[in-house]
Amino acid sequence: AQSVTQLGSHVSVSEGALVLLRCNYSSSVPPYLFWYVQYPNQGLQLLLKYTTGATLVKGINGFEAEFKKSETSFHLTKPSAHMSDAAEYFCAVRVNKLIFGAGTRLAVHP
Amino acid sequence: GAVVSQHPSWVICKSGTSVKIECRSLDFQATTMFWYRQFPKQSLMLMATSNEGSKATYEQGVEKDKFLINHASLTLSTLTVTSAHPEDSSFYICSARGSGRGTDTQYFGPGTRLTVL
Numbered sequence: 001a002q003s004v005t006q007l008g009s010h011v012s013v014s015e016g017a018l019v020l021l022r023c024n025y026s027s028s029v030p031p032y033l034f035w036y037v038q039y040p041n042q043g044l045q046l047l048l049k050y051t052t053g054a055t056l057v058k059g060i061n062g063f064e065a066e067f068k069k070s071e072t073s074f075h076l077t078k079p080s081a082h083m084s085d086a087a088e089y090f091c092a093v094r095v096n097k098l099i100f101g102a103g104t105r106l107a108v109h110p
Numbered sequence: 111g112a113v114v115s116q117h118p119s120w121v122i123c124k125s126g127t128s129v130k131i132e133c134r135s136l137d138f139q140a141t142t143m144f145w146y147r148q149f150p151k152q153s154l155m156l157m158a159t160s161n162e163g164s165k166a167t168y169e170q171g172v173e174k175d176k177f178l179i180n181h182a183s184l185t186l187s188t189l190t191v192t193s194a195h196p197e198d199s200s201f202y203i204c205s206a207r208g209s210g211r212g213t214d215t216q217y218f219g220p221g222t223r224l225t226v227l
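Listed in order, the protein sequences are those of chains A and B. Using our numbering, read the first sequence as starting at 1 and increasing by one per residue. Using our numbering, read the second sequence as starting at 111 and increasing by one per residue.
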């Protein structure tokens, strides 16, 4: 069975600071991995995905994530946070269906 | 990215009535559509998966007679909440995956907020 664990339900950073959102997964076969962002009262927008190939994946809005098989991790990072990055972020793993983590709410303060 | 629309964006109904939510893929053919439910401050829970022209596959614990799903075309799926009750109040989000946009990515609609009085 596949599962996703997001460490930290809330993360708060200063504007301009590094953003690091943690995601660990469990899967018996090589999974596809995704990060989605959700703004209030909206659906999900795909930030980036890993399927095969290069383990460092670059996404939209300056985000990137690195697939580390040995650590079963797919952490999301951004070098410099903007106020507009404040949202809910979901990590997801897919083998036969898409399974979401519990989400991490990112707050960015001036 | 691909565009998936939902209608309505919000709906308020009385207990006992039925509500239909539409999900459309606007620029690709969605061979598979998914319906999720999201409670406040929680993650998305998959309710069912539907392939065009086939009966939907429901997740464990989801009542198929209460949540009727129809996927009659490659661009449209509907979710009907029958005899809605206050506990059905939630944010319902559809998702689509299909040909022409890569089969490894699901695209999500903006969601429909259902409030049952």
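No lab work stands behind these hints, which were simulated from the structure alone. None of these values were measured; they are calculated from a predicted model. Just so it is clear, CB atoms sit at the ideal spot from N, CA and C, and this is done for glycine as well. Certain hints may be false.
Unchecked claim - No farther apart than 30 Å at their CA atoms in a straight line, the calculated lysine-lysine pairs in the DSSO-like style are these:
| # | chain 1 | residue 1 | chain 2 | residue 2 |
| --- | --- | --- | --- | --- |
| 1 | B | K165 | A | K97 |
| 2 | A | K49 | B | K151 |
| 3 | B | K174 | A | K97 |
| 4 | B | K130 | B | K151 |
To be verified - Pair by pair, the computed Cβ-Cβ distance ranges are:
| # | chain 1 | residue 1 | chain 2 | residue 2 | range |
| --- | --- | --- | --- | --- | --- |
| 5 | B | F149 | A | L20 | 47 to 57 Å |
| 6 | B | V113 | A | K58 | 34 to 44 Å |
| 7 | A | L7 | B | Q139 | 34 to 44 Å |
What the hints assert, rightly or not - Listing some non-contacts, in silico: residues in chain B with all C-beta distances to chain A over 12 Å:
| # | residue |
| --- | --- |
| 8 | S125 |
| 9 | T127 |
| 10 | D137 |
| 11 | E162 |
| 12 | E169 |
| 13 | G171 |
| 14 | L178 |
| 15 | N180 |
| 16 | L184 |
| 17 | L186 |
| 18 | T188 |
| 19 | S193 |
| 20 | D198 |
| 21 | R207 |
| 22 | R223 |
Closest CB-CB distance from B:R207 to chain A, is it above 12 Å? Label violated. Min Cβ-Cβ 9 Å, cutoff 12 Å.
The output says B:N180 does not contact chain A. Does that hold with a beta carbon cutoff of 12 Å? Answer for B:N180: holds, closest chain A Cβ roughly 20 Å.
Could you grab the alpha-carbon distance between B:K130 and B:K151 and see if it respects the 30 Å cut-off? Within the cut-off at roughly 24 Å; holds.
Given as non-interface: B:T188, partner chain A, CB spacing beyond 12 Å: 17 Å, holds
Has the hinted range 47 to 57 Å been met by the Cβ atoms of B:F149 and A:L20? 27 Å, violated
Taken at face value, is the distance from the CA of B:K151 to the CA of A:K49 at most 30 Å? Satisfied, since the Cα-Cα distance of roughly 24 Å is no more than 30 Å.
B:L186 clear of chain A by more than 12 Å, beta carbon to beta carbon? About 17 Å separates B:L186 from the closest Cβ of chain A, which puts it past 12 Å; holds.
Tell me if the straight-line CA distance from B:K174 to A:K97 falls inside 30 Å. 19 Å, holds
Confirm or reject the statement that B:E169 sits farther than 12 Å, beta carbon to beta carbon, from all of chain A. 9 Å, violated
Taking the shortest Cβ-to-Cβ distance between B:T127 and chain A, state whether it exceeds 12 Å. Holds, because the least Cβ-Cβ distance between B:T127 and chain A comes to about 23 Å, which exceeds 12 Å.
Verify this label for me: B:D137 is non-interface relative to chain A, using a Cβ-Cβ cutoff of 12 Å. Non-interface label on B:D137 holds, nearest chain A Cβ at 15 Å vs cutoff 12 Å.
Is the nearest CB of chain A more than 12 Å from the CB of B:S193? 26 Å, holds
Comparing the model with each earlier hint shows violations of hints 5, 6, 12, 21, 22; every other hint is respected.
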